[in-house]
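These protein sequence lines map, in sequence, to chains Y and G. Residue 110, in my numbering, is where the first sequence stops; the numbers in between run on with no holes. Residue 111, in my numbering, is where the second sequence stops; the numbers in between run on with no holes.
Among these hints, one or two may not hold up.
[Said to hold, decoys possible] Think about it this way: if two alpha-carbon atoms lie no more than 25 Å apart in a straight line, the pair counts; the simulated DMTMM-like pairs of lysine to aspartate or glutamate are:
hint	chain 1	residue 1	chain 2	residue 2
1	Y	Lys-42	Y	Glu-58
2	G	Lys-11	Y	Asp-39
3	Y	Lys-59	G	Glu-98
4	G	Lys-11	Y	Glu-1
5	G	Lys-57	Y	Asp-2
6	G	Lys-53	G	Asp-38
7	Y	Lys-69	G	Glu-59
8	G	Lys-57	G	Glu-98
9	Y	Lys-42	G	Glu-72
10	G	Lys-11	G	Glu-79
11	G	Lys-53	G	Glu-72
12	Y	Lys-68	Y	Glu-81
13	Y	Lys-57	G	Glu-72
14	G	Lys-57	Y	Glu-1
15	Y	Lys-69	G	Asp-73
16	G	Lys-57	G	Glu-27
17	Y	Lys-69	Y	Glu-15
18	G	Lys-53	G	Glu-14
19	Y	Lys-57	G	Glu-98
20	Y	Lys-68	G	Asp-54
21	Y	Lys-59	G	Glu-27
In short, the hints are calculated from the structure, not lab data.
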Amino acid sequence: EDQVTQSPEALRLQEGESSSLNCSYTVSGLRGLFWYRQDPGKGPEFLFTLYSAGEEKEKERLKATLTKKESFLHITAPKPEDSATYLCAVQAYVGNQFYFGTGTSLTVIP
Amino acid sequence: DAGITQSPRHKVTETGTPVTLRCHQTENHRYMYWYRQDPGHGLRLIHYSYGVKDTDKGEVSDGYSVSRSKTEDFLLTLESATSSQTSVYFCAISALQETQYFGPGTRLLVL
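Bound-form chain Y, shown alone (with noise of 0.2 Å):
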């Protein structure tokens, strides 16, 4: 069965402290993978698309890497600006739907 599943539900950094967020997927057979961000009482945000093992994609201090099993979103010297939950999702070539977690609330701390 498709899933993904998302590590930690919840973190809290202080400003500056670099940490990364999981998103365990399994699925037969990967098409992409995709990471969002969501404000409260928004929409989910587009950030990255990954499709292959060892492929990375950065946007300011977000970088995103992607294994065979996972996928991390490694945040670099956050800011409060940076609190939001994110949210991880796969796609298969099976269906094509779309999977997602339900993703890690982090908070930075001034």
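With chain Y fixed as given, assemble chain G onto it according to the hints.
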């Protein structure tokens, strides 16, 4: 929000009444999706559309129907709303059935 609007943004209704949510896009994307988001669950696909008048069911389609008569509009209808359909509903669009872009959401409360 990538040229996506949803209406209404908030709605309170009573059990048994019909409800229609609208998603409107200005990007001319072929694919449109309806999701619901509930605590403890990831976003779950209700229905999607791969063209005008072409739709298919998602993971949690029971109790919902959709219609797409124009490229830019995708309607989600709850034929007879139930309390279990209280949720936040998101519309998403995609050009090539890959990266999806989401609208701002509709908060629905069924009393």
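task = Starting from the hint list further up, note which numbers the structure goes against and sort them upward.
result = 4, 6, 12, 13, 15, 17, 18, 20
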